[in-house]
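Participant: Build out the structure end to end from the sequences listed, making use of the hints.
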Amino acid sequence: MKHFTSVKDMGPLDKAIQEALNIKKQKYAASDLGKNRTALLIFFNSSLRTRLSTQKAAENLGMHVIVLDVQQGAWNLETRKGIIMDGDKPEHLLEAIPVMGCYADMIGVRSFARFQSKEEDYGEVILNQFIQYSGKPVISLESATRHPLQSFADHITIEEYKTTDRPRVVLTWAPHPKALPQAVPNSFAEWMVAAGYQLTITHPKGYELDESFTQGAKITYNQQEAFRDADFIYAKNWSAYRDPGYGRILSTDRSWMVDGKKMELTNNALFMHCLPVRRNMIVTDEVLDSPRSIVIPQAANREIAAQVVLGRILKGLPKNE
Amino acid sequence: MKHFTSVKDMGPLDKAIQEALNIKKQKYAASDLGKNRTALLIFFNSSLRTRLSTQKAAENLGMHVIVLDVQQGAWNLETRKGIIMDGDKPEHLLEAIPVMGCYADMIGVRSFARFQSKEEDYGEVILNQFIQYSGKPVISLESATRHPLQSFADHITIEEYKTTDRPRVVLTWAPHPKALPQAVPNSFAEWMVAAGYQLTITHPKGYELDESFTQGAKITYNQQEAFRDADFIYAKNWSAYRDPGYGRILSTDRSWMVDGKKMELTNNALFMHCLPVRRNMIVTDEVLDSPRSIVIPQAANREIAAQVVLGRILKGLPKNE
Amino acid sequence: MKHFTSVKDMGPLDKAIQEALNIKKQKYAASDLGKNRTALLIFFNSSLRTRLSTQKAAENLGMHVIVLDVQQGAWNLETRKGIIMDGDKPEHLLEAIPVMGCYADMIGVRSFARFQSKEEDYGEVILNQFIQYSGKPVISLESATRHPLQSFADHITIEEYKTTDRPRVVLTWAPHPKALPQAVPNSFAEWMVAAGYQLTITHPKGYELDESFTQGAKITYNQQEAFRDADFIYAKNWSAYRDPGYGRILSTDRSWMVDGKKMELTNNALFMHCLPVRRNMIVTDEVLDSPRSIVIPQAANREIAAQVVLGRILKGLPKNE
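Protein chains in written order, with the working numbering: chain D, 2 to 322; chain R, 2 to 322; chain H, 2 to 322.
Since the hints were made in silico from the structure, they are not lab data. Be careful, since some hints might not be right.
[Stated by the list, open to error] Just so you have them, the derived chain R footprint on chain H, three or more residues with Cβ under 8 Å:
(1) 34 to 44
(2) 64 to 71
(3) 74 to 80
(4) 83 to 94
(5) 100 to 108
[Stated by the list, open to error] Restricting the straight-line Cα-Cα distance to at most 30 Å, the calculated cross-link-like pairs of lysine-lysine (DSSO-like) are:
(6) D:K316 with R:K25
(7) D:K25 with R:K316
(8) H:K36 with R:K25
(9) D:K25 with R:K25
[Said to hold, decoys possible] Label-pair ranges, simulated between beta-carbon atoms:
(10) H:E287 with R:N77: 42 to 52 Å
(11) R:E287 with H:N77: 19 to 29 Å
(12) H:Q133 with R:A180: 26 to 36 Å
(13) R:N37 with H:D244: 36 to 46 Å
(14) R:A180 with D:D33: 30 to 40 Å
(15) H:A30 with R:Y162: 43 to 53 Å
(16) R:K219 with D:E287: 49 to 59 Å
(17) D:Q73 with R:P292: 48 to 58 Å
(18) H:Y29 with R:N37: 47 to 57 Å
(19) R:F116 with H:N77: 13 to 23 Å
(20) R:Q216 with H:I85: 32 to 42 Å
Even for Gly, the Cβ is constructed at its ideal location relative to N, Cα and C.
Facilitator: This is the structure:
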């Protein structure tokens, strides 16, 4: 594996799942693989699960990890090209990226959509600059349009919990007080279809996602209809993708919250969410605290997903000098 | 050892001291014990000694360490139950804690008293949630009511410096410009009595500590009387425990500052403080810079105390998968 | 090596260069040297290259690394002596430094000039307190007056790229929107002269550096003249050293920016900068993005410079208990 930015980098998914389940049984079996290797994890945005699970996975593989929060301790970074740098940003990404590449064997990058320009966000300008200029393998720790380590962990989790070969998976929009990126739903939709599941996406009118991610999924504005006979309910908020209105909140309709009554419509479905989750906005305490909620084992699989990816990248590295 | 939150978790103290003194001679003798083990250190509050000494101790034992400052880089955490999360806190402790537990073999937590509710502080709501929901051993890195790694280091230090079997130890209140928790004096009092020392606590009227911690100690409002014939002077500020006034500053009387003249009343006592210490508020430069001050060796013992505790917890862990 | 704060601590420079070039070929050959050793890196100021390259170098040597950003997570530190600490700084350097020394085998310190007092800055008050009170080897990660790890990396880089024995090296001032310390130019001038290069320094009138650093260099106010026949152009901004005006911006003259036309005056010179660099203030995109720019390999050599220094300090440590 050269870079990891989407499901397209994973190769056959059944093989990836098998690898994940093997690692889960023996996390420390390859603790020599990462000897004298350093993963640099760069965060432009907040992180709990990604930060901890990726560190843990790297250390399971015997790697060193250096974490850098760009807003804290480092220089504020300029991203625009061709400008006169006479403002408050003393360093340009054009230098910072290759410099970071000098001191690491691979680079993980978290950089959310900024909602300043749809073209910039969906062009994955930051992530692609890391790929282009760092000279090292790049791992998305959630980019503007995808969160592939999350989607891979979601896939592993469904494989562990499913009771039919091709489960019915429902991605439902839910209300949220802030405008959130589309990275998680984009990535989830794309991955679930690639995994061969029956995917239904439900949301209020206007919240249609970029079709290049949702191809192969059924889309409906009727949440109740979507929940009927579902095996897995995956809740998530996102802001509008379509123009005009990209990045905006179109609905605050709390009737879209997932509650116990809606869960009763399902085929005794399991509840999933990528976390962090807003209790009693996205989902009621009742559902989240019920035995049908698998959000914690889902989060635990973030370590496994990261370990598969880091392990594959390690195997692809040139020999150490 | 399952969790470490107070002296009650230590078992026989003479054995603990012996273990500490052995480790001090051979810090790296057990550097295989922590192989493929990860300590996660969570800070809700500032830390210098605890942060560094616990990391160092964990690394002496061959562990990996992941440090998380909750205010920086992670999500702002909600702690109240049953509320609608439509404010500025995107994640609830109810998810964050078990998630953290997924990626670590043990969790250290620093969470000071917040002085919003005495019941919440003295109920150790945060610490207990970690114990209840993380699924992993929990180590107090100073909680709302105790700072047991500090108290253990204090104990080790007194054992190293004492010249009589049951030294006279004096805990004295001293003035401070900000309202501070009672965790250090509570924990110190409890531990010193358990260690079998002759403990006297002196403070202005109104600063009485929770009696469940000070049982077995002599309490006096007369600082000079307390200092007479003391072998160790331990200075510390704290805010009021009693109601009404919990968490408030009742006195700013600088005549309570420890100075050279007061030290002359003692039996050539050694001066201790947990640090950080406000010079010329808590204690004069003269005393702190004198050879009778042992605050630095006391701080150095924080590493040893942490290593005993982490080592014991490591020994109690289930075998690695 | 006991401490590392300037070129004077390096011994014969040809030997240091040879050591650097050997390490560059085999970065992990001495990965046992730092076993059970901990480097503590303290940052009072922002850092990207120094932070990452020093961590990487320490880990190449098998050391543990603890990074502490003083403004984040630790206590705000008082530096003035003799005062009553009743303000917003709860801890004094006089305690913090020896405490840090307790938990580390060596301490790296970044502490920029503060421009509050030239005497304090040029007296290296902070750095010297670490040397005096920590009880451990101290490594400058850029102090008030010098940035020796940068200068050593500059030296290594010039040795790798030079085509004549004693190349003509030009240090040129360039404009910048903020007042910057003199540490990089001081240290560079001192090191280049020690390396035996032909050094010319060019800047607007009033920007003369402290002569104790520039001894042996030619100084001119005529930038064009300086560039003529140069083999290396090293650009950097600094604020005024001379009084009155210490730490102030005397010129914002953008005609001092390095551009392609000026580079044509040189002997096909290579362009260097310590980074971070303000594009189109210090140097044009054209020059920085040209093949004559070696700022990235120069930054990469920061790891090598640090590894030489840390390795030498490790060799000088007393045996581990």
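Participant: Each hint: holds or not?
Facilitator: Verification of the hints:
no. : hint                           : result
1   : 34 to 44                       : holds (count 3)
2   : 64 to 71                       : holds (count 3)
3   : 74 to 80                       : holds (count 4)
4   : 83 to 94                       : holds (count 9)
5   : 100 to 108                     : holds (count 5)
6   : D:K316 with R:K25              : violated (41 Å)
7   : D:K25 with R:K316              : holds (23 Å)
8   : H:K36 with R:K25               : holds (18 Å)
9   : D:K25 with R:K25               : violated (37 Å)
10  : H:E287 with R:N77: 42 to 52 Å  : holds (44 Å)
11  : R:E287 with H:N77: 19 to 29 Å  : holds (24 Å)
12  : H:Q133 with R:A180: 26 to 36 Å : holds (34 Å)
13  : R:N37 with H:D244: 36 to 46 Å  : violated (59 Å)
14  : R:A180 with D:D33: 30 to 40 Å  : violated (52 Å)
15  : H:A30 with R:Y162: 43 to 53 Å  : holds (45 Å)
16  : R:K219 with D:E287: 49 to 59 Å : holds (53 Å)
17  : D:Q73 with R:P292: 48 to 58 Å  : violated (40 Å)
18  : H:Y29 with R:N37: 47 to 57 Å   : violated (21 Å)
19  : R:F116 with H:N77: 13 to 23 Å  : holds (20 Å)
20  : R:Q216 with H:I85: 32 to 42 Å  : holds (36 Å)
Comparing the model with each earlier hint shows violations of hints 6, 9, 13, 14, 17 and 18; every other hint is respected.
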